[in-house]
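**Student:** If you want the building blocks of each chain, they are given just below.
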Amino acid sequence: MSAPTTTPGQGNPTPEAPAATPGPPAARRRTLATRWRRDRALVLMTLPAIALLAVFAYLPMLGNIAAFQYYSPYSGFFNSPFVGLDNFARVFTNPAFLNAVLNTLMITAFQLVFFFPVPIALALLLNSVISPRVRVFIQSVVYLPHFFSWVLVVTIFQQILGGAGLISQTLRENGYSGFDLMTNPDTFLLLITLQAVWKDAGWGIIIFLAALSTVDPALHEAAASDGAGRWRRMWHITLPALRPVVILLLILRLGDSLTVGFEQLILQRDAVGAEVSEVVDTFVYYQGVVYGDWSFAAAAGLAKGLVSLVLVLGANKLAHVFGEAGVYQR
Amino acid sequence: MSTHRPAPARIVLNRRTLFGAAGVGLSALAVPGLSACGGGTAAPTEQVAVSTEVLPRHIPITIAEPDIPGVNGSVPGYTSLPTELVRSVTTPPGDGRTIRAMTPLWGTIPPADGNQYYEAVNEMIGNTIEFQITDGNVYADKLATVLASPRDVPDWVQIPQWNFPSRFGSEIVGNVFADLTPYLAGDAVSKYPNLANIPTDAWRSCVFNGKLYGIPYPDTPIRDALYYRDDLLAERGIDPQVGSAEELLALAKEINDPGANRWAAEDLWSAIAIAFGVPPKWKVVDGRLVHRVETEEYRAALDFNRQMFEAGVVHPDAVAAQESEAKARFQSGRSLLLADGVGGWHEALRDNLANNPDYSQKAFAPFAGQGGQPILWRGPGASMFSFVKQTDDTSMIEQILASADVLAAPFGTEEFSVINNGVEGVHYTPGPNGVPQPTELAAVELQPTYIFLADPPVVEAKVQYPGFVEEYCSWMADAAQYLQEPPLYGVQITEPPQYASLAQPFEDLEADIPRGRKSLDDLDAAVENWRSSGGEELRAFYQGLLDQQ
Amino acid sequence: MSAQIGDQTAPAAVTETARRTGVGPGAPQRHDDLPPTRRRRRRANGRPVWEEDPHPVGLGLKGVVLALVVLVVAFPLYTVVVTSFSTQAETLRAGGLVVIPGELTLEAYRQILSGGVVTRAAVVSVGITVVGTALSMLVSVLAAYGLSRPGSLLHTPLLFVFLITMFFSAGLIPSYLLVSGLGLIDSYWALILPTAVSAFNILILRNFFMGIDNAILDAARIDGAGEWRILLRIVMPLSGAVLAVVALFYGVGYFNAFFNAVLYINDNAKWPLQLVLRSYVLQGASLPGGADPGQAASGAVAGMPIKMAVVVLATVPILLVYPFVQRHFTKGVIFGAIKG
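Protein chains in written order, with this note's numbering: chain A, 1 to 330; chain B, 1 to 549; chain C, 1 to 340.
It is worth saying that the hints were derived from the structure and are not from the lab. Heads up, a few of these hints could be off.
Stated by the list, open to error - Incomplete in silico selection of chain C near chain A, CB under 7 angstroms:
(1) 73
(2) 143
(3) 156
(4) 159
(5) 170
(6) 174
(7) 175
(8) 193
(9) 266
(10) 318
(11) 322
From the three backbone atoms N, C-alpha and C, an ideal C-beta is built for every residue, glycine too.
Let the sequences and hints guide you as you build the complete structure.
**Tutor:** Quick look at the structure:
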């Protein structure tokens, strides 16, 4: 069979990886001055964005000093007394905190498996639809729920899957007993994942569609004429086009492991109980924000950010191990 | 759809349970230098006794005799509207200045330019009130930021009790807002007769650290009711009489009919807590303070609510804590019992009578959960206040108070009519029995904004709903006989902030126990934990305040 | 916007460069010289000639899955729209969202759109969205390209400046104090500048920029083109799809934002659309404390129809925008410019 040998990318899943790493070793040994001359345009280009971040992200971030204070809004950051790491101690020794972290990680893990791939699969499916009109129609419909508030999404689920919902009521009218998916703590993980898929999968496909649109049909054509079948072409042409953006999103999602749908969970907290629905963000919200304990909230936020950063570094390292470029190189 | 906040019910609960202790955090926070912040130690650092000297003298005005007089603080009712309106403040007291005022709004944002309602009210005041309106659901966030930046605080700020940022009483009020004691205490208030007409109970809640700071938005002493759809029950020949929790459960079981998509009840927790006499915060037993969560009443109420849920009489959407649609379910007849605020009664009539002229709901007379004599804990005289920004310009303070005096003109005055109904021919046309019929423009321009700055004592005169005024006022007059004042009634207390967040386990238990996810043993454990992780110190804090009285 | 220029017809020079330097790395050389017209050739059913006919079972399955997906999403959408056109009485009968249309009316829309407040707010929102998106795209494209060459001077530290903002945020109060300190309270800039730079969007752009075949860029460099010129003439025209997507991300972000307006805009005449629409949902709502909002009787109530009309009004502009974004997803803009 000749097809495999001529199919692009065959044999080595990452033929491009070296090209993405910095040029020849000699380049790194160049003097600073030459590098500045070569790269100054690049550095300059980042400056407007960095200036905006410096003022509107980093400057107010200094307020996180409250994490080390017994902060009072009226006394302000300058006059509130410092308490060292006490606020962090309060966060980490709170028994509810551990439970919240566990719940969060469980939800993240579950959604990585059952939510993350859905937009990719949908994008591939949509991409294979030939008629552009059908494609646009489907795309436009499925991405709309992203713009619904969580309140509305939960209401819609309640009216369909709740104990007095459309399905239960129809069952009851026909002599069966109803069911209630909305208040069952055991299936809560499934429920919130369903909701997340319903709301955001359609929105998530956009970025993958953009990536797919960069694939040159000539590659498909060439492979096809060499006898590569549908699946072979998908494996060797289509999927590699998605790989960089999938890996980027995966790394960022891993970094965000401690963040899961805050509003979605708070809205359904009483329905299933805090035991399964308490996550890091809701914990901080109730302990810190609701009762105006800004120091507590700041400490929790800093700790969370630190963990995220470490996770991103770790995920990035892992990507390198697998021969991927990751977000950044060493 | 509101997105930022959890359902309002949650906020209400938070407000009802403003207590707690911050477990582990307590020791962590007990560092030197904190007592100056009013926190860190259990010893009371604030002056609590409301000396009568700072309170304005109550000088009642009667413009129109009510048809149903108030009893023990209940709302007086008017079964017909006065034909002749009296002008209360004959000359506009304002000197034409602009006063910036910040209020929440639960309604549509009205246009500021060319708003004839604003123009009419401002003309009566003689000043221009320039509103900075914020979506009521996110008002707490707005306040938290603005109050942290005193230079951004406008001249006049409305703050609901449930939006007080932490340390409000101990640090913010005294530093940001003007002390109104010299202007209003005792006889000084007589300069503003309509403010003097506001009952003393409402003023009590405006006192922080021994000084008078706020202008109250007077409220009723009874805020909650347990409603039933008497129209739908009558169709089935049921005229419910409920004298105890047991009878309530029996009734619920009788009227529950899931097959017909009709459940007996919403989550009745707030009404059940009232029926069992659960105190708002503390109760004195044998001279010792007992916290709400420690009481037998609380335990019994939770257990009863568990029985309600277990019996399957609670609507599944309520089991799923979809509180925001509870009223819609009740009003559409999918559930027949609802715990709601007293204001919800006429709102339901407003929303339903046009489409369903037979619509009716009634409130149960108070009953005691375990039978016998019910206890209703008297609500504070006000739970929303407006504050005046600190300024060296005393004329500004006087101008704001004079403006408030116009806004507080009681029922039966021209001012009251304009503030509530707008301008005749523009915002309403007089209908049968003199009931104003709102025009289309009213929906756009007339939103409740001024009333949050200052408001007269509550009366009920919604004669457009046949029989409502009689029903409502006699229900409340009857209920008012059971009113009792809780300890430290009406006193503004700023708890040391580290105690705040241990209320959380109980809010969760109030959801978990009825739904069978936690048991009363878990409650006992939580109470034990509460005691050992700060509850006792909180008790000592309150005991200290009580001893001062 | 150059995003639009880019995908219509790629500059001939670029196509030429691409062809000269070889199609995407792994692509077999011998197909490089296929006549360009060949890929335009399609069969009657729109399928290119080289593509085999799909297996009927596979095709059927695909159709079923897609139909199911659309149905699952469209049914609730449909109930939302129907509810928005229903009378208040109808929604009470249905006990929530209306599934079977009964009495229909435009009342909810009439109520919201009368009075001119909404139209004014829509103008504000569109203005903020357009200006904000333009600014965001400008700084983001520059930053993304500046960060697209690993190994360049200060590359990693600069990248981390962006990365860190994704995980550490500022609290409500410090952010407010900053905006207030800059004198931006009541300025539209307060709704743009604090959210102008999204590290996430920059990473996405950078990811696509890095996917562009280095050979093309090197060829341009050999021809003496500077970085600015390469970005403008080669990278941007090749990146129509991702530019459109990121512009959509930014645009939607600006259009949907309301919370910053709550904090920073005191003048109610400057409220953006989302904030005004939210206020319609609150009409006639009971106060949180159960307090009675007095006798005030404007007669306006936010029933289910109003709430759903608000959802529809807030979503329609986004629905209208999508086809414009989608246009940039045209497949195979140029030969092998992007690494496969």
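**Student:** All hints, please: hold or fail.
**Tutor:** Hint check results:
A cut of 7 angstroms between beta carbons decides the hint on residue 73/C: the least distance to chain A is about 5 angstroms, and the hint holds. Among the interface hints, the one on residue 143/C holds; its C-beta lies about 4 angstroms from the nearest C-beta in chain A, closer than the 7 angstroms criterion. For residue 156/C, the shortest C-beta to C-beta distance to chain A is roughly 6 angstroms, which falls under 7 angstroms, so the interface hint holds. Look at residue 159/C: its Cβ gets to within about 5 angstroms of chain A, closer than 7 angstroms, so that hint holds up.
Evaluation of the residue 170/C hint against chain A yields a held restraint, the C-beta minimum of about 3 angstroms falling below 7 angstroms. The beta carbon of residue 174/C comes within 3 angstroms of a beta carbon in chain A, closer than 7 angstroms, and the hint placing it at the interface holds. Interface hint status for residue 175/C: upheld, as the beta-carbon distance to the closest one in chain A is roughly 5 angstroms, under 7 angstroms. Annotation: residue 193/C was flagged as interfacial toward chain A, and the flag holds, the nearest CB pair being 6 angstroms apart, inside 7 angstroms.
The beta carbon of residue 266/C comes no nearer than 19 angstroms to any beta carbon in chain A, farther than 7 angstroms, and the hint placing it at the interface is violated. At about 6 angstroms, the closest approach between the beta carbon of residue 318/C and any beta carbon in chain A falls short of 7 angstroms, and the interface hint on this residue holds. With a cut of 7 angstroms, the hint placing residue 322/C at the interface with chain A holds, because the nearest CB-to-CB distance is about 5 angstroms.
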